[in-house]
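Chains F and R, in that order, are what the protein sequence lines are. Read in order, the letters of the first sequence correspond to residues 1 to 271 in our numbering. Read in order, the letters of the second sequence correspond to residues 272 to 704 in our numbering.
Treat the hints with caution; some may be incorrect.
Result set (PhoX-like, lysine-lysine): computed pairs, CA atoms no more than 25 Å apart in a straight line [said to hold, decoys possible]:
id: 1; chain 1: R; residue 1: Lys691; chain 2: F; residue 2: Lys174
id: 2; chain 1: F; residue 1: Lys174; chain 2: F; residue 2: Lys30
id: 3; chain 1: R; residue 1: Lys637; chain 2: F; residue 2: Lys214
id: 4; chain 1: R; residue 1: Lys467; chain 2: R; residue 2: Lys523
Counterexamples of contact, computed for chain R against chain F with all Cβ distances above 12 Å [to be verified]:
id: 5; residue: Tyr621
id: 6; residue: Ile634
id: 7; residue: Pro673
id: 8; residue: Gly687
Computed beta-carbon distance windows for the label pairs [what the hints assert, rightly or not]:
id: 9; chain 1: R; residue 1: Gln456; chain 2: F; residue 2: Thr10; range: 48 to 54 Å
id: 10; chain 1: R; residue 1: Gly393; chain 2: F; residue 2: Leu11; range: 50 to 56 Å
id: 11; chain 1: R; residue 1: Tyr661; chain 2: F; residue 2: Leu11; range: 51 to 57 Å
id: 12; chain 1: F; residue 1: Val37; chain 2: R; residue 2: Glu484; range: 48 to 54 Å
Because the hints were derived from the structure by calculation, they are not lab data. C-beta atoms are modelled at their ideal positions from N, C-alpha and C, and glycine is treated no differently.
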Amino acid sequence: MLQVENTLFTLVMLLYFAAMALYFAFIAVKKDGVARVAVGLQAAGLLLHTAALVCRGVGAGRLPLTNQYEFATSFAWGLCLVSLAFVIRFRFPVLGAFASPVTFLIIGYAAMQSKEVKNLMPALRSNWLGFHVSTAIIAYGAFGVSFVLGVIFLLRDRMRARGFMDQHIPGREKLDVIAYRSVSLGLLFLTFTIITGAIWAERAWGSYWSWDPKETWSLVTWIIYSAYLHLRIRRGWQGRAAAIFAVIGFVCVVFTYIGVNTLLPGVHSYA
Amino acid sequence: MRGGVASPHRFKRIYKFIGSMRFAIILLVALALACSIGSLVTQGQTYDWYAQRYSERAAALIVALRLDDAFHSAWFIIITAFLCLNLTLCNLTRLPRLIGRTRAEGRPEGALESAGDVSREGVADPKAAFTRLRMPGPVACKTADGREALFASKHRAGLWGAWVCHLGILLLILGFGLGQMTQAQYTVYGVPGDEKPIGDTGYTLKIEDFAVERRDDDSVAQYTAQISVSGDDARRDAEISVNNPARLFGMKFYQNSVGWATRVNVLENGKPLQSAVICAGEFLPVEDKPELVVYLNAFYPDYAMVPGVGPSSASEKLNNPAWLYSVYYQGQLLGMNALMAGEELTIDAYTVTFTDPQNYTLIQIKRDRFTWLALAGGLITMLGLLLAFYIQPAKIWAIREPDGRWTLRGACKKGGAIFKEQFDRACGLGNEE
Ligand code: HEM
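Turn these sequences into a full structure, and let the hints guide you.
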């Protein structure tokens with residue numbers, strides 16, 4: 001099973017790379033047909049990626065969500081899923097062009113991690129952990145999309161001169177609404193992640209919140225995005241300022257995910 | 272006199288500010304900064320530790336500002352308290368308006384006279400557009416000047432999203448805070464057969480059995496303890512393992528960790544004097560000479576001397592057991608050494624041996640009467656977010672013009688540009704039919 005996963009994983013990387021290249025080609029040659037192929041490749045990559053994760057789950061006999069490699073590949077999967085959904089839902093292939101390098105970067109990071117399947121220490125054997133990490137993947141994927149949207153928003157004014165971009169990037173107002181949709185999706189799932197994590201911690205350690213650095217940073221991320229929501233409601237802050245917050249929020253997400261494990265001590269350092 | 276007039280005014284302004292969204296944003300940013308400081312500065316160290324790690328100056332600052340215990344410091348609690356006050360005021364002042372709006376949004380009166388966010392004239396079949404916009408059966412009504420009209424509204428519950436979310440956060444903070452202030456925590460450790468008091472609760476905990484379940488590769492799969500708790504003339508039994516605590520007598524029992532215990536046998540002039548089980552880190556005073564004390568520093572089931580690391584255990588299997596001990600006389604350290612299996616230690620007339628190494632279990636006992644409140648707060652917050660994000664209040668109305676066609680209008684604040692697109696599509700299709 002793990003052998004199969006390995007092969008699939010390589011294929012997934014190739015497909016994601018091809019999708020990214022075609023998205024770039026779409027921007028270069030400005031043909032809608034190219035964008036359609038790129039979306040198709042991304043969808044095929046996502047399908048195989050799902051299969052790879054299932055293989056690993058079956059091979060390891062548990063949810064594939066417990067070490068740095070598994071979480072990185074799942075994170076890439078989440079970002080690919082959410083970005084694909086947004087590309088299709090809002091007919092927005094330019095989003096795909098900006099999201100695919102981020103997805104590729106994360107799966108590249110996954111490829112550099114150890115793929116060894118390790119046995120779980122007893123505290124990690126919990127259904128709540130499954131909920132906790134799967135909701136985190138969707139949340140992180142959605143925040144990844146809001147980050148990309150924030151970047152597009154901030155770059156939009158520069159790209160204005162070109163008619164093609166004008167046609168393929170929604171107006172400021174719509175872009176803002178799409179970004180709002182992705183942040184709200186992310187925040188909803190992050191809230192779920194934090195609650196299920198607290199329930200799990202309560203069962204495993206007897207304390208549902210202990211200011212462990214990873215907990216603290218997920219709270220910081222949560223606070224940043226709720227500040228984003230309130231800023232957005234205030235007149236004049238919609239758009240640019242909100243976009244900057246969406247970018248800062250994702251920096252916190254990445255720090256929570258990678259920085260905390262490597263730079264700060266805590267219970268989560270094994271994950 | 273002037274002061275007397277100005278101050279209620281000023282008071283009102285301060286009151287308004289404290290309940291405002293601007294203040295909320297300031298507090299949220301302050302809280303985010305406070306939390307990041309608390310995680311970046313290592314918590315709970317001494318002045319000397321900080322001085323060595325950073326500098327004397329930084330250490331002085333850290334201690335003065337209580338950055339060494341940021342999450343329990345006065346300033347952290349003050350920010351949180353202001354956030355609660357802010358949320359309470361905001362929710363209280365908005366409640367009457369919210370109720371009023373919820374009623375108004377369900378009635379056509381206000382809407383029919385307004386321009387709406389979107390509109391389309393000359394629609395032939397408004398009912399089809401209502402259906403396409405997934406609006407429930409529109410009700411027939413009349414405008415103020417007597418024209419025929421249709422009206423439908425949906426998802427008014429969404430208006431309550433932010434309010435419910437704010438309420439949830441308040442309850443969450445309240446539950447957490449009350450829990451922190453009133454919770455009690457105890458630990459009991461021992462080997463099967465031990466019976467010990469649980470702190471000052473009046474209950475006793477007996478460890479009936481304890482097992483470590485291992486996989487083929489020697490890694491631990493689960494720690495399981497059978498316990499019984501007595502008190503109040505009652506006795507209850509439970510099995511606890513990691514991730515599966517038990518609730519008995521209002522307290523929660525957790526299988527927290529394990530360590531090694533061993534039997535210590537003391538002989539005096541070759542005759543058995545004393546035999547007791549102690550855990551690593553415990554003392555045993557010699558029975559008829561209590562100023563002589565044996566201390567078990569550590570136990571290594573598979574002893575190995577690793578260069579650069581010192582004594583350690585190669586595995587958790589009892590391949591090469593070693594006991595690291597110290598001996599004290601009248602409080603003075605006489606010596607420290609390691610004994611291998613079968614070796615003995617002689618001090619004057621006494622001979623000490625270590626036998627029967629076994630795992631002891633450490634059980635954590637916790638009482639927090641407010642966990643449910645925090646959990647309820649969390650769930651209510653989730654519900655609020657769901658309402659705020661996914662239940663978008665919308666209303667559509669159509670007014671019949673003199674030419675028999677209809678003017679369709681709609682409003683959906685949350686939908687923004689996307690609602691406009693949906694509306695245009697629905698109207699376009701409604702027209703073609
Ligand atoms: C941890 C703190 C907070 C969180 C997580 C939070 C969350 C939210 C959410 C999710 C919304 C809905 C936003 C939307 O629908 O786009 C909202 C709206 C709002 N919040 Fe907060 N909030 C917090 C604190 C506060 C505080 C302290 C105030 C005090 C005034 C406040 C005032 C408001 C207002 C006025 C709205 C707009 C409601 C509306 O448009 O219907 N929030 N908040």
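Now for the hints, and whether the structure bears them out:
1. R:Lys691 / F:Lys174: Holds. R:Lys691 to F:Lys174 sits at ~10 Å (cutoff 25 Å).
2. F:Lys174 / F:Lys30: Distance of about 22 Å is within 25 Å: holds.
3. R:Lys637 / F:Lys214: holds (23 Å)
4. R:Lys467 / R:Lys523: holds (16 Å)
5. Tyr621: R:Tyr621 is indeed farther than 12 Å from all Cβ atoms of chain F, at 41 Å.
6. Ile634: violated (10 Å)
7. Pro673: Fine: 34 Å to the nearest Cβ keeps R:Pro673 off the interface.
8. Gly687: violated (4 Å)
9. R:Gln456 / F:Thr10: 48 to 54 Å: holds (50 Å)
10. R:Gly393 / F:Leu11: 50 to 56 Å: holds (54 Å)
11. R:Tyr661 / F:Leu11: 51 to 57 Å: violated (35 Å)
12. F:Val37 / R:Glu484: 48 to 54 Å: Given about 53 Å between the Cβ atoms, the range holds.
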